[in-house]
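Heads up: the sequence lines are chains E and D, in that order.
Numbered per the numbering used here, the first sequence spans residues 21 to 271.
Numbered per the numbering used here, the second sequence spans residues 21 to 271.
Incorrect hints may appear among the rest.
Identical chains blur together in the list; that is why a pair holds if it fits in one copy or across any two.
[Unchecked claim] Below, a list of computed lysine to aspartate or glutamate pairs in the EDC-like style, where the Cα atoms sit at most 20 Å apart:
| no. | residue 1 | residue 2 |
| --- | --- | --- |
| 1 | Lys240 | Asp225 |
| 2 | Lys253 | Asp200 |
| 3 | Lys265 | Glu228 |
| 4 | Lys265 | Asp225 |
| 5 | Lys88 | Glu187 |
| 6 | Lys189 | Glu247 |
| 7 | Lys253 | Glu49 |
| 8 | Lys158 | Glu269 |
| 9 | Lys66 | Glu247 |
| 10 | Lys256 | Glu42 |
| 11 | Lys158 | Glu267 |
| 12 | Lys158 | Asp127 |
| 13 | Lys251 | Glu187 |
| 14 | Lys214 | Glu52 |
| 15 | Lys232 | Glu269 |
The hints are simulated quantities; they were obtained by calculation from the structure and are not laboratory data.
Given the structure is predicted, the values throughout are model-derived calculations rather than measurements.
Protein chains: 2
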Amino acid sequence: MNEIQNIYDNDTFFSEYEKMRETKINANELLEIPMMLSLLPNLKEKRILDIGCGAGGMCRYFAEHGAKYVLGVDISKKMLEVAKSETQNSNVEYRRLAMEYLPEIKDKFDIVFSSLAFHYVEDFNKLMHDISNLLNPKGIFLFSQEHPVNTATILNANMDKKYVEIEGKRYYYLSDYNVDGVRNLKWNIDGVIKYHRSFSTIMNDLIESHFKILRVEESKPNKRALELVEKFKHQKDRPYFLFVKAEKETL
Amino acid sequence: MNEIQNIYDNDTFFSEYEKMRETKINANELLEIPMMLSLLPNLKEKRILDIGCGAGGMCRYFAEHGAKYVLGVDISKKMLEVAKSETQNSNVEYRRLAMEYLPEIKDKFDIVFSSLAFHYVEDFNKLMHDISNLLNPKGIFLFSQEHPVNTATILNANMDKKYVEIEGKRYYYLSDYNVDGVRNLKWNIDGVIKYHRSFSTIMNDLIESHFKILRVEESKPNKRALELVEKFKHQKDRPYFLFVKAEKETL
Chain E
21 MNEIQNIYDN DTFFSEYEKM RETKINANEL LEIPMMLSLL PNLKEKRILD
71 IGCGAGGMCR YFAEHGAKYV LGVDISKKML EVAKSETQNS NVEYRRLAME
121 YLPEIKDKFD IVFSSLAFHY VEDFNKLMHD ISNLLNPKGI FLFSQEHPVN
171 TATILNANMD KKYVEIEGKR YYYLSDYNVD GVRNLKWNID GVIKYHRSFS
221 TIMNDLIESH FKILRVEESK PNKRALELVE KFKHQKDRPY FLFVKAEKET
271 L
Chain D
21 MNEIQNIYDN DTFFSEYEKM RETKINANEL LEIPMMLSLL PNLKEKRILD
71 IGCGAGGMCR YFAEHGAKYV LGVDISKKML EVAKSETQNS NVEYRRLAME
121 YLPEIKDKFD IVFSSLAFHY VEDFNKLMHD ISNLLNPKGI FLFSQEHPVN
171 TATILNANMD KKYVEIEGKR YYYLSDYNVD GVRNLKWNID GVIKYHRSFS
221 TIMNDLIESH FKILRVEESK PNKRALELVE KFKHQKDRPY FLFVKAEKET
271 L
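Okay, chain E solo, but in the shape it has when bound (with noise of 0.2 Å):
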């Protein structure tokens, strides 16, 4: 197995994604943050994990509504610092952990959440499985990740776009859709390690985690999110982000 990333502890990543984060004008707050809200199930009195929590804000969003107890688990010192000093919710606790060690968790949970982590993860099979591990019977798993078309393609080292534009509408470039497996890609860093799987690994592996499949979504440009950032009409051409909901199965 490759060493664990821990990119958001890389100094000029950790700052560039700040700045970004701080505008709220990108991708997270425009297009998925939105989604998942949506497909939240009832938060009240539930006991919630999330995975890659960063900076806390969903951590808190659960704390603010209802929930009886948030575990906010995240690889980055840095970002748990700030969740840290951003919480006064009692009930909300903060751990550093890698997603390849829920098993350390001793507890179980009503809902897991996780928001653009599962991509960093080599082993997505095992992850779904310490997941299932985790939640109580009925309990939900929610997740976004980057999108299988969005990850797919191996450019060649001399292509610099991922697209051809003909008459003024993208054509994306796809390729290598059915290799799962490492993709660098620079963002921010080079050097950055992400993983793609097809969605029929993700929904096998769910399947096989004993997880009922309950709404599929792909992230789609929607009209606020058009009027303050123009390139996400291509949304429409190729999402940035998948996400699913689950429900862990009583066995």
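Chain D: place on chain E using the hints.
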């Protein structure tokens, strides 16, 4: 609603299709059928409906592998004539019926099967509901259709290729993925209409029709296919087919 298509009764289409199927060196034989066979549930004593049965190849297979009763439906008179002339099994029946009129079948089945037909149907949501109504509780629904990444892109009229080749590698054009609807494709005869649906549409329509997703597959190159048809190596870049196996839930 558009008029229901019946392309297989077009003389040109039918003879081209017959030629293609006779060679046995095609994507159906080499990529689609092997995957469908691998996904089949136990057939013993089962009542099976085959939607878009064509020449009845799978209907005969079901009868010869223990099915109690098989009904094959298809819109094409020509295809059903071939099917009838080639079928001796007394427990196989054929009926001329478009997929849009499934509620005319007053019967229940243990298995509903459909191979590469659903991308011709305009109203996928209705189709899923109709099929759900035809299945006994715990009944199995297995279908294949063209893969969303294969149907998505609406090419500019001037474009004659679906991909660009750079240093020997194919990058397929992907666009319009999130735009469900009509696609006009050239295949044997001009003017064949197919319908594109995103992965989330397919999954959510199934779930809303009380199906539990059991397995999702995407066509991949296999050894025999690669030996016989070199271009099938590009299945790794962009799969032709999507396969779904689901179970009717007990309400």
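Structure-inconsistent hints, enumerated in ascending order: 5, 9, 10
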